[in-house]
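With the hints as your guide, set chains B, C and D onto chain A.
The lines below spell out each chain.
Protein chains: 4
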Amino acid sequence: MIDTLTDTDGFSIAGVELGSRLIMGTGGAPSLEGLEAALVASGTALTTVAMRRYAVGSTTGSAGPGSTSGISGANAGSNLFAVLLANNIRVLPNTAGCFTAREALMTAELAREALETDWVKLEVIADEHTLLPDAVELVEATEQLVNRGFKVFAYTNDDPVLALRLEQLGAAAVMPLGAPIGTGLGILNPHNIELIVSRANVPVVLDAGIGTASDAALAMELGCDAVLLASAVTRAQDPVRMAEAFKHAVIGGRLAAQAGRIPKRAHALASSAMEGRPDL
Amino acid sequence: MIDTLTDTDGFSIAGVELGSRLIMGTGGAPSLEGLEAALVASGTALTTVAMRRYAVGSTTGSAGPGSTSGISGANAGSNLFAVLLANNIRVLPNTAGCFTAREALMTAELAREALETDWVKLEVIADEHTLLPDAVELVEATEQLVNRGFKVFAYTNDDPVLALRLEQLGAAAVMPLGAPIGTGLGILNPHNIELIVSRANVPVVLDAGIGTASDAALAMELGCDAVLLASAVTRAQDPVRMAEAFKHAVIGGRLAAQAGRIPKRAHALASSAMEGRPDL
Amino acid sequence: MIDTLTDTDGFSIAGVELGSRLIMGTGGAPSLEGLEAALVASGTALTTVAMRRYAVGSTTGSAGPGSTSGISGANAGSNLFAVLLANNIRVLPNTAGCFTAREALMTAELAREALETDWVKLEVIADEHTLLPDAVELVEATEQLVNRGFKVFAYTNDDPVLALRLEQLGAAAVMPLGAPIGTGLGILNPHNIELIVSRANVPVVLDAGIGTASDAALAMELGCDAVLLASAVTRAQDPVRMAEAFKHAVIGGRLAAQAGRIPKRAHALASSAMEGRPDL
Amino acid sequence: MIDTLTDTDGFSIAGVELGSRLIMGTGGAPSLEGLEAALVASGTALTTVAMRRYAVGSTTGSAGPGSTSGISGANAGSNLFAVLLANNIRVLPNTAGCFTAREALMTAELAREALETDWVKLEVIADEHTLLPDAVELVEATEQLVNRGFKVFAYTNDDPVLALRLEQLGAAAVMPLGAPIGTGLGILNPHNIELIVSRANVPVVLDAGIGTASDAALAMELGCDAVLLASAVTRAQDPVRMAEAFKHAVIGGRLAAQAGRIPKRAHALASSAMEGRPDL
Numbered sequence: 001m002i003d004t005l006t007d008t009d010g011f012s013i014a015g016v017e018l019g020s021r022l023i024m025g026t027g028g029a030p031s032l033e034g035l036e037a038a039l040v041a042s043g044t045a046l047t048t049v050a051m052r053r054y055a056v057g058s059t060t061g062s063a064g065p066g067s068t069s070g071i072s073g074a075n076a077g078s079n080l081f082a083v084l085l086a087n088n089i090r091v092l093p094n095t096a097g098c099f100t101a102r103e104a105l106m107t108a109e110l111a112r113e114a115l116e117t118d119w120v121k122l123e124v125i126a127d128e129h130t131l132l133p134d135a136v137e138l139v140e141a142t143e144q145l146v147n148r149g150f151k152v153f154a155y156t157n158d159d160p161v162l163a164l165r166l167e168q169l170g171a172a173a174v175m176p177l178g179a180p181i182g183t184g185l186g187i188l189n190p191h192n193i194e195l196i197v198s199r200a201n202v203p204v205v206l207d208a209g210i211g212t213a214s215d216a217a218l219a220m221e222l223g224c225d226a227v228l229l230a231s232a233v234t235r236a237q238d239p240v241r242m243a244e245a246f247k248h249a250v251i252g253g254r255l256a257a258q259a260g261r262i263p264k265r266a267h268a269l270a271s272s273a274m275e276g277r278p279d280l
Numbered sequence: 001m002i003d004t005l006t007d008t009d010g011f012s013i014a015g016v017e018l019g020s021r022l023i024m025g026t027g028g029a030p031s032l033e034g035l036e037a038a039l040v041a042s043g044t045a046l047t048t049v050a051m052r053r054y055a056v057g058s059t060t061g062s063a064g065p066g067s068t069s070g071i072s073g074a075n076a077g078s079n080l081f082a083v084l085l086a087n088n089i090r091v092l093p094n095t096a097g098c099f100t101a102r103e104a105l106m107t108a109e110l111a112r113e114a115l116e117t118d119w120v121k122l123e124v125i126a127d128e129h130t131l132l133p134d135a136v137e138l139v140e141a142t143e144q145l146v147n148r149g150f151k152v153f154a155y156t157n158d159d160p161v162l163a164l165r166l167e168q169l170g171a172a173a174v175m176p177l178g179a180p181i182g183t184g185l186g187i188l189n190p191h192n193i194e195l196i197v198s199r200a201n202v203p204v205v206l207d208a209g210i211g212t213a214s215d216a217a218l219a220m221e222l223g224c225d226a227v228l229l230a231s232a233v234t235r236a237q238d239p240v241r242m243a244e245a246f247k248h249a250v251i252g253g254r255l256a257a258q259a260g261r262i263p264k265r266a267h268a269l270a271s272s273a274m275e276g277r278p279d280l
Numbered sequence: 001m002i003d004t005l006t007d008t009d010g011f012s013i014a015g016v017e018l019g020s021r022l023i024m025g026t027g028g029a030p031s032l033e034g035l036e037a038a039l040v041a042s043g044t045a046l047t048t049v050a051m052r053r054y055a056v057g058s059t060t061g062s063a064g065p066g067s068t069s070g071i072s073g074a075n076a077g078s079n080l081f082a083v084l085l086a087n088n089i090r091v092l093p094n095t096a097g098c099f100t101a102r103e104a105l106m107t108a109e110l111a112r113e114a115l116e117t118d119w120v121k122l123e124v125i126a127d128e129h130t131l132l133p134d135a136v137e138l139v140e141a142t143e144q145l146v147n148r149g150f151k152v153f154a155y156t157n158d159d160p161v162l163a164l165r166l167e168q169l170g171a172a173a174v175m176p177l178g179a180p181i182g183t184g185l186g187i188l189n190p191h192n193i194e195l196i197v198s199r200a201n202v203p204v205v206l207d208a209g210i211g212t213a214s215d216a217a218l219a220m221e222l223g224c225d226a227v228l229l230a231s232a233v234t235r236a237q238d239p240v241r242m243a244e245a246f247k248h249a250v251i252g253g254r255l256a257a258q259a260g261r262i263p264k265r266a267h268a269l270a271s272s273a274m275e276g277r278p279d280l
Numbered sequence: 001m002i003d004t005l006t007d008t009d010g011f012s013i014a015g016v017e018l019g020s021r022l023i024m025g026t027g028g029a030p031s032l033e034g035l036e037a038a039l040v041a042s043g044t045a046l047t048t049v050a051m052r053r054y055a056v057g058s059t060t061g062s063a064g065p066g067s068t069s070g071i072s073g074a075n076a077g078s079n080l081f082a083v084l085l086a087n088n089i090r091v092l093p094n095t096a097g098c099f100t101a102r103e104a105l106m107t108a109e110l111a112r113e114a115l116e117t118d119w120v121k122l123e124v125i126a127d128e129h130t131l132l133p134d135a136v137e138l139v140e141a142t143e144q145l146v147n148r149g150f151k152v153f154a155y156t157n158d159d160p161v162l163a164l165r166l167e168q169l170g171a172a173a174v175m176p177l178g179a180p181i182g183t184g185l186g187i188l189n190p191h192n193i194e195l196i197v198s199r200a201n202v203p204v205v206l207d208a209g210i211g212t213a214s215d216a217a218l219a220m221e222l223g224c225d226a227v228l229l230a231s232a233v234t235r236a237q238d239p240v241r242m243a244e245a246f247k248h249a250v251i252g253g254r255l256a257a258q259a260g261r262i263p264k265r266a267h268a269l270a271s272s273a274m275e276g277r278p279d280l
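Chains as they are written, first to last, in the UniProt record's numbering: chain A, 1 to 280; chain B, 1 to 280; chain C, 1 to 280; chain D, 1 to 280.
The hints are simulated quantities; they were obtained by calculation from the structure and are not laboratory data.
In the DSSO-like style, the derived pairs of lysine-lysine whose C-alpha atoms are separated by at most 30 Å in a straight line are:
1) C/Lys-264 - B/Lys-264
2) A/Lys-264 - D/Lys-264
3) B/Lys-264 - A/Lys-264
4) D/Lys-264 - C/Lys-264
Simulated restraints, written as ranges between beta carbons of each label pair:
5) B/Asp-9 - A/Ala-86: 28 to 38 Å
6) C/Glu-128 - B/Glu-33: 46 to 56 Å
7) B/Arg-265 - A/Glu-17: 29 to 39 Å
8) B/Arg-265 - A/Leu-85: 26 to 36 Å
9) A/Arg-199 - B/Glu-33: 36 to 46 Å
Where is the CB? At the ideal position from N, CA and C, for every residue including glycine.
Next up, chain A with everything else stripped away, as it sits in the complex (with noise of 0.2 Å):
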């Protein structure tokens, strides 16, 4: 029993059992080996990959207008596949970039005719500046996409109401953001992120804010079935170590919120008994 330990209770979202609660994004890598050996670390089972950068026809090979650049691009974009595909790691296309529901539709649509999939990680996003999700936006976005069924994994801030509506409307997951995209501050409210948790009959996956490991940890133990992650790893100084880092942060996390943790104390208690002491 100790031994079947390591495995970690089953985590299915939209109806797929998946490998780990760990979902790495792709965002941010500086060279496709690199984020190849950052996601087997990561012991990932899903990956975001964001079709505003890998444009159409991406896996035939032609090369589109976001081509300029690092790995993103067409060629890029075939060659990530392939590299997924090669590690056993499930495509999520997400609408990073999209402003307007009608962006982000559209953008689904592309996906799933490219990718063949109707999961779709929607983002849709207020402004360049703070990349926090409009909520109006997302909540009409959410209905048409689940009304052209998708499987929408929807990106939201962390309100506790929008979370629960965007579970009405047949959202298959939620992911509520820690802190904004990128900036690494971890989980700014904790309190709503267990609301949401207690409120949810869709899995909650903690996106966006993440910056170290003990971050994802405490996403774990406030109740989430999962982290999402991207710059995190890819921008660490050692993306694979931390890769690594992440991956033990979640196990250990979701243990610990399964093992019933001591309750917080004011004062101090002894673990060994005082009374009964041999007199020295």
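Just chains B, C and D, lined up with the frame of chain A:
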């Protein structure tokens, strides 16, 4: 190289290489069987045992005065030591329950004789209510124990000045608390722990106050060399699972500390470049 | 100049100059006398009144359906308004207890007719358990109320995107929560409040969650223009004293925000120079 | 009764009634005029002066070795003391810059002779980098100063054990730090401050680390009897305004501590009853 990452870097203390950065206390365990399972699940290579609980003669089987309840007492002691031996876990006797340098010295000498080790975790507490270390007695006891040839693992408050002084007096390791014993409050003053680490030339072990996995990960991220905990595991609802949680959290936190986390930023930063987006 | 500092800078909202940056709600007060004493002690110049509590007709003395307990009901209402008039405290009717934009609109219209004011604090909550604002209904209600000529003081969550949208829709003030109503948890996410303030061109009033004086001071230091609270005073053990506490805390926090605090430093800095010390 | 609330309860220390719970240091002030204005704006009745800065002979006008810059030196000293006398502000000489009990004793004796006061704020720091108190030297110095008839105001770290010991040795007040001197980090470990307060029978003064008004209010809410600060005012962009801010914050925090705050609740609580709402 990826596959070797699971094995974190080596950790040696008082000249001995240890296979784990998680040190587990035995206090608070309801049964010897449960304790053994938790110790094994934690992967620990070093465990603290309260000498005033497992009294003199415990290795020879004669009943001591503390043998009235639980797994304490002499027979319990000999059984415990057998369990530790069988699992290849080194013993670190502690002076829990000592209020003065004089008491601590006597307890350490008894431990050295009974257990044939010159290692001692030095606890000199001020009172039964706070269980906080007494700085003045601690300094006195450290000086004398070092003079007598002990390897002193000094349990201390989180005062950076005191920690440095204990090292200068010859302590083999300094063990600042995160919060008072048994409170599960985590690390109340991370700033002090960072300061202690930044000036230490001996291992720093975060001791006391740990409540859950993210606390342990944070301790490692702050630069601690190891974490010591007892009741966070032994009093958890599922001690074995919690032990496993801490095993992962300590590994994850250590890897994160080495990997070089992203800086905290006040403002958002896109993981995918925004420029050059295709116009949909 | 020193003696003029006690009078902080002017504060105007919806075109009206107010003599205090502390806005006090009336909810939770056990008696009208106690409420009056607390209002006066707080120095407030503006108070919120729940229209669904002090029902239509309250200014004419006819009993309303809510008149069953405490100081609620129509006679209570007329007495309350007399007290406010006598103390020169302006009334800000709120739509507490409304769950939809439609309900809020009706309540606001009733308030305008009964109290002859076009000011309304807009509360549209999602459910009775969290009492959190419903973003979608709030946007809808703000738009319609502005179109009907109301001065809308929009109670909102701490989402910076929503706050900006409410301003763009014409809200006279945005009122983000620090924490859910009545919790006394303070400001759970100071980062969001700062972000809201940094982008706002209408007054930002910290509303809900305030528990004690330091919470209110912090709100002002984060750049809020005012603080609104009710139960932190009315349910305190000594409401009059607590009202006085908040009066000072808001003034102190405002002055501190203007005075330009010292930066936070990781390392110590002597206030007295160390060099040139006499050799004793 | 309301109008008497502005005058908070009396505060006496070492047998002397003081008209303010804000104690202000003089370190860091760029000019004597600015310092005087800030002292007056703060409303303080007690101020600390570094004896090693205003060297021996300062009251007689002979230049000391520290007189090279700013307002330090002997003439500066005599001017400063004239200012304090004119404003009816009592002097509390401190031993800033002393690293040993012996140095502190000599400095205190010089202060007693020069300033004709047996009050001394005892600072014995461990090093110039952290400026943290040295617990062992502090205990030694307190004992000796008390024996020589001094009223010792002991600047200490936030260790509850050390604070209690200083009181038992006869300190007139214990003055735990919130954070290292000059950092402006606020109160890093509120738990320890609360514990110190709960066991103290002499005044507890929060000393060092204060950055802004809400920090001071929090100190008072935690139960401290007074707050001491220097650079938070003297190094603020507008020292006079910041002094005024702290005056209000300390009064507000003290009133809040007396008024009995509402408990923190995990879940929302309506300030207006929800039942009995009119059906609109």
